[in-house]
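**Student:** The residues making up each chain are set out below.
There are 2 protein chains.
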Amino acid sequence: MKKSDINSTEIARLAGVSRSTVSRVINNYSNVPAETRDKVLKVIAEHNYFPNASAQVLAGKRARTIGLFLIEQGRVSGDILTNMLIVSVIEHASEHGYYVLTHIIRDAKDTEMIQNVREIFFQRRIDGGIFIGADNREPFIEQLVDEGFVIGVVDQELPEHPEPNRIVSNFNNDSGMKQTVAYLSGLGHTQIGAINGDMNRLSGRTKHEGFKQAMGMCGLTINPDWVLDGDFNETSGYESIQALLARKIGLPTAIVAANDSVAFGAIRALKEHGIRVPDDISIIGFDDHALSEKHHPALTTIRVDMSEMLKRMTSFLIALIEQKPLAMKEITMECSLVVRDSCRRI
Amino acid sequence: MKKSDINSTEIARLAGVSRSTVSRVINNYSNVPAETRDKVLKVIAEHNYFPNASAQVLAGKRARTIGLFLIEQGRVSGDILTNMLIVSVIEHASEHGYYVLTHIIRDAKDTEMIQNVREIFFQRRIDGGIFIGADNREPFIEQLVDEGFVIGVVDQELPEHPEPNRIVSNFNNDSGMKQTVAYLSGLGHTQIGAINGDMNRLSGRTKHEGFKQAMGMCGLTINPDWVLDGDFNETSGYESIQALLARKIGLPTAIVAANDSVAFGAIRALKEHGIRVPDDISIIGFDDHALSEKHHPALTTIRVDMSEMLKRMTSFLIALIEQKPLAMKEITMECSLVVRDSCRRI
DNA sequence: CTGAAAGCGCTTACAG
DNA sequence: CTGAAAGCGCTTACAG
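Taken in order, these protein sequences are the chains called A and B. Heads up: the first sequence runs through residues 22 to 367, numbered per the working numbering. Heads up: the second sequence runs through residues 22 to 367, numbered per the working numbering.
Heads up, some of the hints might be wrong.
It does not matter which identical chain is used: a pair holds within one copy or between any two.
Claimed, not checked - Quick list of in silico lysine-lysine cross-link-like pairs, PhoX-like style, CA-CA up to 25 angstroms:
#	residue 1	residue 2
1	K345	K82
2	K315	K292
3	K233	K199
4	K130	K63
5	K82	K63
FYI, nobody ran anything at the bench for these hints, they're computed from the structure.
Work out the full structure: start from the sequences and follow the hints.
**Tutor:** Structural data, given as structure tokens:
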């Protein structure tokens, strides 16, 4: 019932060596003869001894912990994507012997919340942190980078002269957006609208830029009435369509949504007005959300490998923490069209 | 670019007091005059000082971290429920000023994985841990309890003489199961089958017991051919129905699934064989999974408040860690029927 | 190859 | 009300 309170002094005594030697064995120093090592390891195993992490860190070792910071607006967080992200980071960190301290930031502009995040870094609980869902160039993250902490940010611009302690990762949103327009154009659509994502996020901007460029390349003109504001949420997709319908102007024959959640919301609004997808209007998403395949209609979208991206981000971050040479500071992942049932030929 | 490496000695010097006093201010000792306190706090704020967590822990303070251990079989973990659990624990721990170290256990019988978990406790990285998805009386968890660690286990039996360092939480599965049978019985069903959950889990057993009892109370007999094995996964629901259909015996008019995932799998298998739900057979689930409402047909099920349960579990665990008096060692949550479209009157 | 000793940055009796 | 000092459990130059 009593917690075994054995420490390195005790192990040293039982093995008949000094604490220095015990420490050398634990830290795999090469200058310990096999015999001594085995003797010490035996005592360690017999007594269920694990070195106290705080003492190790205080003595200069790494915390072997990375922070995972999820910036999620107030909304309920039953998101399946979020879960994939978390699990991906945890599992890959684990493979490197690292632990993950997850923290949720409900409002990245709230001073107190920012202070909580800073505290985690300054208290040295973590060796580095990954941020997901941040605005591009979010000031408090920039500050942490300036302060020298090892930081990885998903969906973020890499500065022209990147600091050695910063890495970013992105999908090739430009390519993805061009694929959506190319596909719709191929189906004969010329009247194509878009629901934008959050323009404070890098992906919101690059997707919109990609859309504009692709429309031009395909010789199509953009009708500003059909370019709707959104913020990557289901609700924003729903509301943007409601607003569009309320204006009682003509509809495009196809809409490119900034992501699948937005597409779901848009389809929900359309359905409520008796407008059928894809019979009356085609909708294409972005992300290939876990639900898109099961959605009615099954959503045509751009597939993106979040799990793999976070895996790479985690490995890169750990490499950076351990000061291993890193080939690059930016991870870019390709993405590609998945055709399902939400778009039709015109 | 250089990390500010200020410590309490430096703060003390700048404030013109001793480190003892700085520590007293940080730890809210009552015997520090307001003037001294303010002077110190000012210096702390000016210099972005946060006490080193490792040093605090080593000196005897709590790590203010709880471990969240998810036991999930090898399968892909894009589960929306898992995400709710994680987020619920993180947010409520955060409210108490605690951090969460999440760890995934792919195989609770693997010695190395168990050792990894033990390490986290023995290294004193965490003050206590919550386990989700464990078998009832999982040996390695029992051992951690014996070793005196503060442990909370979801879906677990409380021993007759509970240790002071153990808490458990459960849904009233018995009640839930009785509601499913009562509802089906009310719809006129007499030929009711069941797909069991994992019988190593407490909920698997209590749901099955509840089913048997409820059938008896409603004066219905159980046909053993219609009581199928399962393990709480979509796949097991699918496979159990495939196996049943392969036997080419009669079907029940209704099936109670151990949870919604199992129900989804069962419906998928039935659909593949052209058997319609609810027209040809009624299916009722358990959990009210986030997808159940959007499922075709929308799933009739038992609603359970996972998020609230984990919230309570987290609060209880922290109370236990802080040695606050705890009214009870077991959390039991009620659950109730949600009628949708997957069952029909006979 | 190995031990004695200093040091990591805190907290907290202890003494005044 | 406050400071000097011991102690938490490690690691790692340093010396031999």
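**Student:** Each hint should be assessed against the structure and marked as holding or not.
**Tutor:** Checked hints:
Taking CA atoms no more than 25 angstroms apart as the test, K345 paired with K82 passes inside one copy only; the shortest distance there is 16 angstroms, against 34 angstroms between copies. In this homomeric assembly, K315 and K292 come within 25 angstroms of each other (Cα to Cα) both inside a single copy, at 17 angstroms, and across copies, at 14 angstroms. In this assembly of identical chains, K233 and K199 lie within 25 angstroms of each other by CA distance solely inside one copy; the values are 9 angstroms within and 58 angstroms between copies. Proximity of K130 and K63 under a CA criterion of 25 angstroms is satisfied inter-copy only: 23 angstroms between copies versus 53 angstroms inside one chain copy.
For the homomeric pair K82 and K63, the shortest alpha-carbon distance inside one copy (24 angstroms) is at most 25 angstroms, but the shortest distance between copies (31 angstroms) is not.
Violated hints for the displayed structure: none, as all numbered hints are satisfied.
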